[in-house]
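**Student:** Go by the hints and put chain B onto chain A.
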Amino acid sequence: MSGPSTYVPKSAIGRWFESRLPVMGLMHSSFVVYPTPKNLNYWWTFGAILSFMLVAQIVTGVVLAMHYTPNTGLAFDSVEHIMRDVNWGWMIRYLHSNGASMFFLAVYIHIARGMYYGSYKAPREILWILGVVIFLLMMATAFMGYVLPWGQMSFWGATVITNLFTAIPFVGDAITTWLWGGYSVDNPTLNRFFSLHYLLPFMIVGVVGLHVWALHVVGQNNPAGVDIKDVEKDSVPFTPHATMKDSVGIALFLMLYCWFVFFVPNYLGDPDNYIVANPMLTPPHIVPEWYFLPFYAILRAIPSKLGGVIFMFGAIVMLVLLPWLDTSRVRSAVYRPVFKILFWVFIACVVGLGYLGSQPPEGGAVLAARILTAYYFIHFLVLLPLLGLFETPKPVPASIADAVLHGGAAEPAKA
Amino acid sequence: MISKTSLGMIAAAMFGATLFAAPISCLAEEPAAATSHVAPIPPPQDWSFAGFFGKYDQAQLQRGFQVFREVCSNCHSADHLAFRNLAEPGGPEFSIEQVKALAAQYKIKDGPNDAGDMFERPGRPSDYWPSPFANANQARTANSGALPPDMSVLAKARGIKRGFPWFIFEALPGFAYQEQGADYIVALMNGYEDDAPKGVTLDAGQNFNHYFPGNKLMMPKPLSDGQVAYTDGAPQTLQQYAKDVSAFLMWTAEPKLDVRKKTGFRVLIVLAILAGLFYATKKRIWADVQH
Chain A
1 MSGPSTYVPK SAIGRWFESR LPVMGLMHSS FVVYPTPKNL NYWWTFGAIL SFMLVAQIVT
61 GVVLAMHYTP NTGLAFDSVE HIMRDVNWGW MIRYLHSNGA SMFFLAVYIH IARGMYYGSY
121 KAPREILWIL GVVIFLLMMA TAFMGYVLPW GQMSFWGATV ITNLFTAIPF VGDAITTWLW
181 GGYSVDNPTL NRFFSLHYLL PFMIVGVVGL HVWALHVVGQ NNPAGVDIKD VEKDSVPFTP
241 HATMKDSVGI ALFLMLYCWF VFFVPNYLGD PDNYIVANPM LTPPHIVPEW YFLPFYAILR
301 AIPSKLGGVI FMFGAIVMLV LLPWLDTSRV RSAVYRPVFK ILFWVFIACV VGLGYLGSQP
361 PEGGAVLAAR ILTAYYFIHF LVLLPLLGLF ETPKPVPASI ADAVLHGGAA EPAKA
Chain B
416 MISKTSLGMI AAAMFGATLF AAPISCLAEE PAAATSHVAP IPPPQDWSFA GFFGKYDQAQ
476 LQRGFQVFRE VCSNCHSADH LAFRNLAEPG GPEFSIEQVK ALAAQYKIKD GPNDAGDMFE
536 RPGRPSDYWP SPFANANQAR TANSGALPPD MSVLAKARGI KRGFPWFIFE ALPGFAYQEQ
596 GADYIVALMN GYEDDAPKGV TLDAGQNFNH YFPGNKLMMP KPLSDGQVAY TDGAPQTLQQ
656 YAKDVSAFLM WTAEPKLDVR KKTGFRVLIV LAILAGLFYA TKKRIWADVQ H
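Residue numbers (my numbering), protein chains in the order written: chain A, 1 to 415; chain B, 416 to 706.
Certain hints may be false.
Taking lysine to aspartate or glutamate pairs in the EDC-like style, the calculated list, with each CA pair at most 20 Å apart, reads [as the list claims (entries may be wrong)]:
id : chain 1 : residue 1 : chain 2 : residue 2
1  : A       : LYS233    : B       : ASP494
2  : B       : LYS522    : B       : ASP542
3  : B       : LYS676    : A       : GLU80
4  : B       : LYS671    : A       : ASP85
5  : B       : LYS515    : B       : ASP494
6  : B       : LYS676    : A       : ASP85
7  : B       : LYS671    : A       : GLU80
8  : B       : LYS671    : A       : ASP77
9  : B       : LYS576    : A       : GLU362
Label pairs and their in silico Cβ distance ranges [claimed, not checked]:
id : chain 1 : residue 1 : chain 2 : residue 2 : range
10 : B       : ILE511    : A       : THR243    : 46 to 56 Å
11 : A       : MET203    : B       : SER463    : 40 to 50 Å
12 : B       : PRO588    : A       : ILE175    : 40 to 50 Å
13 : B       : ASP703    : A       : HIS406    : 17 to 27 Å
14 : B       : ARG699    : A       : VAL212    : 20 to 30 Å
15 : B       : ILE511    : A       : ASN278    : 29 to 39 Å
Hints are computed from structural coordinates only; laboratory data are not their basis. Note that the structure is a prediction, hence the values are computed from the model and not measured. Positions of the beta carbon are idealized from the N, C-alpha and C atoms, including for glycine.
Just chain A, same shape as in the assembly (with noise of 0.2 Å):
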């Protein structure tokens, strides 16, 4: 989408450099002149509040790093550390266990966003599954970060992870401890998680950066999932337009941020991550951390150990595969009245498992996660291939402009 760059360096040195290495041309035609659908909604701001706690995450990081030891004996009195005798340490620790959780909210919204106006289907699937490798790198970064205080939690949830590699068969065992740099989880292992902690956000920077590029041949989707006709009037530039609507939105995510970092800073933690992690003694209930819920249930939704690996993972892959799993040719839930039901069915099914995976497997609550599971399964699987064949779509806007004429309904083209 980003047309030839009609940047035009202003000072003598500008000119001189951009001649040599175009990088001010690149940013110009990227994030300011670039035509950006008039259309979207605030749902479109994620991406700009998830570019801004990816640079939060790494600069608190960086900070805790100078402060953090990473070593069994160490790590959970270096954390005590931060958060009484540096200078504002305990607000840049806070800011950064409270900020993974922003970013996966964000991330949660911003992946719905995609699935509901259908931004993965053509031209945008390779933007669609880079997006699900930044996912993948965020998972694996959390759940390394979270080992890091070296609580109860920290302690065992790693243990239960780790483990499940033991299910692969013939090699699982053999893996596991080459994972852990021992026989169980100890110092080799947190020091190793460490240096990944610190490694992987530079991967998710590097595979966003291809995310962005993606984006930008192909072109954003927006709420009436046409493209961009005419530059003229479907599009703004990015910048004022974009760049202005999305600071709106990342001052009141900010905002969303800041309460819990300064008056509820330990709700979405568990309290045993405060005692320190002791090898002789399992909590009552091992929990991951709320973003992992949903696939924690799914994971123990199959009485399997080996089947419950192949069945979480398998959720992600179909996020993978959801470019071609969905089969119809219209791409926003606007003109989808079947899909729109089931979208929200779909999310429901999402926050149901999640609130599964925090409760212990008894009774009803295995029944309900098996359930949900073969659910989450069986959108993906069935429902979504045949809808597309037998849903009769709304009639689609023959462009963003029209769209917007007449605010967002569908129309007959006109002739």
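**Tutor:** Positioned in the frame of chain A, the structure of chain B alone reads:
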């Protein structure tokens, strides 16, 4: 003053060994923590440090410190508490002279000196609160096999699960509930029963407590009316002691709470103004665009 992890926790430890061997199979059969009867929800107390403008009550923290020092610290350590903390803003705020005098009453092991020997010297404000026991094994031996937990972050290490839908409200302005650990400790101090209810058999050294998970607790009732002599005229009752020491433990667990809430208030105001300005600018920019 003797505490012990409950039978439930011991059972959990054995369960943990199983978990090591086969984590997923036992996830499906996780046992309930309580063995005899379900622990009631600790009643919420009125805390000065709760809410949007909450901050610690300095006099209460000073009384709580007295209870901690005279009672709790005979068995419990508080490794992250330094004497100097007692004089810092947002805490009990004793004067630095008081803290110096207090620290000097304790013998701190130091060294080695030039001759290579360890020696004892009077404490200084920079020293950390001395542990009542040299190590965990000594603490267990002195407490019938139970290890009294460290009190530094104890108030943040205890939670109350009120279930759906309450847990959602606990995140929201006006309903925020971050004082669970303090409420639990007050309830625990008040939750002892001289005789175990019918059908509950206590082993030697165990005590019945309504609020402890599993109800069987090795720590005997630590506080009772009139036990600590307050000098500021506050009531010398179990309930008052329990509240004061819980507030103190909340402070040791979260010593920056005052500055946190004060900062947060300013941050939210600045962000609200910023959001308003951004929104007004955005409206201006988009005024000519039909969207």
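**Student:** Below or equal to 20 Å on CA atoms is what counts here, so check B:LYS671 against A:ASP85.
**Tutor:** 10 Å, holds
**Student:** A:LYS233 and B:ASP494 were given as a pair; does the straight-line alpha-carbon distance stay at or below 20 Å?
**Tutor:** Given pair A:LYS233, B:ASP494 is violated - Cα atoms ~67 Å apart, limit 20 Å.
**Student:** Does the beta carbon distance between B:ASP703 and A:HIS406 stay inside 17 to 27 Å, or does it fall outside?
**Tutor:** At 20 Å between Cβs, range holds.
**Student:** Run the distance test for B:LYS676 versus A:ASP85: straight-line Cα separation, threshold 20 Å.
**Tutor:** 18 Å, holds
**Student:** With respect to the beta-carbon atoms only, verify the hint that B:ILE511 and A:THR243 lie 46 to 56 Å apart.
**Tutor:** 52 Å Cβ-Cβ, so the 46 to 56 Å window holds.
**Student:** Between the alpha carbons of B:LYS671 and A:GLU80, is the straight-line distance 20 Å or under?
**Tutor:** Measuring from Cα to Cα gives roughly 12 Å; hence the hint holds.
**Student:** So the hint says 20 to 30 Å: do the beta-carbon atoms of B:ARG699 and A:VAL212 match that?
**Tutor:** Holds - the Cβ-Cβ distance for B:ARG699 and A:VAL212, about 27 Å, lies within 20 to 30 Å.
**Student:** Checking one constraint from the list: CA of B:LYS515 to CA of B:ASP494, max 20 Å. Satisfied?
**Tutor:** 18 Å, holds
**Student:** Is the hinted pair B:LYS676 and A:GLU80 satisfied, with a Cα-Cα distance of at most 20 Å?
**Tutor:** 19 Å, holds
**Student:** For the pair supplied as a hint, B:LYS671 and A:ASP77, confirm whether the alpha-carbon distance does not exceed 20 Å.
**Tutor:** Holds, at roughly 17 Å.
**Student:** Please check whether B:ILE511 and A:ASN278 have a Cβ separation lying inside 29 to 39 Å.
**Tutor:** 37 Å, holds
**Student:** Hinted pair, alpha-carbon criterion (20 Å max): B:LYS522, B:ASP542. Please report holds or violated.
**Tutor:** 10 Å, holds
Figure legend: structure checked against the earlier numbered hints; the only hint not met is number 1.
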